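Read off the chains here:
There are 2 protein chains.
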Amino acid sequence: MNTIEVCFTPKLYSEIITKKNFIVVMVDILRASTSICAAFENGVAAIIPVATLEEAKAYKDKGYLVASEREGVVTGFADFGNSAFNFMTEAVRGKTIAYSTTNGTQAIELAKNAQAMVIGSFSNITFLSKWLIQQNSNVVILCAGWKNKFNLEDSIFSGALTERLLQSTDFKMDCDAAEAALDLWSIAKINPLEYIQKAAHRRRLKKLNLDDVLEFTFQMDTANVVPLLKNGVMIGEKDI
Amino acid sequence: MNTIEVCFTPKLYSEIITKKNFIVVMVDILRASTSICAAFENGVAAIIPVATLEEAKAYKDKGYLVASEREGVVTGFADFGNSAFNFMTEAVRGKTIAYSTTNGTQAIELAKNAQAMVIGSFSNITFLSKWLIQQNSNVVILCAGWKNKFNLEDSIFSGALTERLLQSTDFKMDCDAAEAALDLWSIAKINPLEYIQKAAHRRRLKKLNLDDVLEFTFQMDTANVVPLLKNGVMIGEKDI
Chain A
1108 MNTIEVCFTP
1118 KLYSEIITKK
1128 NFIVVMVDIL
1138 RASTSICAAF
1148 ENGVAAIIPV
1158 ATLEEAKAYK
1168 DKGYLVASER
1178 EGVVTGFADF
1188 GNSAFNFMTE
1198 AVRGKTIAYS
1208 TTNGTQAIEL
1218 AKNAQAMVIG
1228 SFSNITFLSK
1238 WLIQQNSNVV
1248 ILCAGWKNKF
1258 NLEDSIFSGA
1268 LTERLLQSTD
1278 FKMDCDAAEA
1288 ALDLWSIAKI
1298 NPLEYIQKAA
1308 HRRRLKKLNL
1318 DDVLEFTFQM
1328 DTANVVPLLK
1338 NGVMIGEKDI
Chain B
1108 MNTIEVCFTP
1118 KLYSEIITKK
1128 NFIVVMVDIL
1138 RASTSICAAF
1148 ENGVAAIIPV
1158 ATLEEAKAYK
1168 DKGYLVASER
1178 EGVVTGFADF
1188 GNSAFNFMTE
1198 AVRGKTIAYS
1208 TTNGTQAIEL
1218 AKNAQAMVIG
1228 SFSNITFLSK
1238 WLIQQNSNVV
1248 ILCAGWKNKF
1258 NLEDSIFSGA
1268 LTERLLQSTD
1278 FKMDCDAAEA
1288 ALDLWSIAKI
1298 NPLEYIQKAA
1308 HRRRLKKLNL
1318 DDVLEFTFQM
1328 DTANVVPLLK
1338 NGVMIGEKDI
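Top to bottom, those sequences are chains A and B. With this note's numbering, letter number 40 in the first sequence gets 1147, and the count goes up by one each step, no holes. With this note's numbering, letter number 141 in the second sequence gets 1248, and the count goes up by one each step, no holes.
Just chain A, same shape as in the assembly:
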């Protein structure tokens, strides 16, 4: 029996119970994980996650496309920021993009020594669930959160993914956080977009006029791909 564990913020990652043979699903619903799924669905060749702005700048100098933001704002040297719509253009197709965000890429960095690290969002939830069930491994859902704090959008997605995995008899929940995420999702799923109106980060994005992508974020199954980190580079896994 494989276990499902939910980690509500990167700061709690060192406390996870599962110590070996687990796949980490990194979740940063607003907005990195939604954007990464959109990118691969749109035919982006690869994404190089970088934690610091210095590294992002170095990739820019080497001629890469660079997507980079801090606290929702595009950094000066970057080609574009963190909206999924930026990753859905003709111009990025076939390209490799260096990508740095406030929360998402730090969480990726943290989990890169797991057996595998993949990206989850509402946009790839069905495809991802099927892929995870095929892997026959324990799953740790790692929420990027907001600056190490619990957030609602990543937590309800964790519940949604847990619900999907439990449809396979090979999975069981292994911590109270997974139970809580599932319960929060049972409330949120009636209307996720409306539920998330009360989330602090949703208000933060609204203030920055960055909530254009919100409706798209909560659309399910717009991407049939599992973004998978291999040797520091993310590629889009499309075979199941």
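Derived by calculation from the structure, the hints in this document are not laboratory data. Heads up, some of the hints might be wrong.
When chains are identical, the list treats them as one kind, so a pair holds in a single copy or across two.
Said to hold, decoys possible - Below, in silico cross-link-like pairs of lysine to any residue (SDA-like), each with a Cα-Cα straight-line distance of 20 angstroms or less:
id, residue 1, residue 2
1, Lys1254, Tyr1120
2, Lys1305, Met1280
3, Lys1254, Thr1125
4, Lys1202, Phe1192
Given the structure is predicted, the values throughout are model-derived calculations rather than measurements.
Knowing the structure of chain A, use the given hints to seat chain B on it.
Positioned in the frame of chain A, the structure of chain B alone reads:
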């Protein structure tokens, strides 16, 4: 307007938003905070929270009553362990007890520099809510959790207390964790005792035959007292 913040584990305490003028409500439903409320309701004079077993042993050598457990098991030198029923006897009335537990006293240690530190449980929820509303201060609800992990029992209590505070127009929630706790409570409150059956720590206690006190734990308003930490010693505040 005063804010309500919820901190799901001690490890996230350093991330709280509120930086000044806040009261910490420490919550360790299974079982320290329930036991402490029962003690003061029963007329215990004072409780000295100690983080380490060495300190607990030193108090024992000085002639104090000592309550002490690790992972649910009473430590060898202690007079008794962590069950609320231990604190409700004639023998402890009027006494000062040194008290050390797996999670609870560590959380107390962490928050002792707040404006005030008090203890919350279902047993004093009404009295505590009234007292907090009178204080006119920001509130941080600090869940002791289980070894730095999120747990359900402390989280649903946080939701229950948040619900009570929001009945006063002087309070608003200030983080996603408070919103989530309130939502979890909206599910759990139909039957908290049944809801908590799925909690990992409840299963842990059952395995140790330590779940005798479970029904008492979820009874509301058996204690009209606010345990309040002053200069390293906890006393029972009974005036509102």
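When no copy is named, should lysine 1254 and tyrosine 1120 be tagged within, between, both, or neither for a Cα gap of at most 20 angstroms? both (14 angstroms within a copy, 13 angstroms between copies)
I want to check one pair: lysine 1202 and phenylalanine 1192. Are their C-alpha atoms no more than 20 angstroms apart within a copy, between two copies, both, or neither? Within. Shortest intra-copy distance 16 angstroms satisfies the 20 angstroms Cα cut-off; inter-copy 66 angstroms does not.
Between copies, within a copy, both or neither: which fits lysine 1254 and threonine 1125 at Cα up to 20 angstroms? between (24 angstroms within a copy, 15 angstroms between copies)
At 20 angstroms max between alpha carbons, let me know whether lysine 1305 reaches methionine 1280 within a copy, between copies, both or neither. Classified as between: cross-chain Cα gap 10 angstroms, same-chain 27 angstroms, threshold 20 angstroms.
Checked against the numbered hints given earlier, the structure satisfies every one of them.
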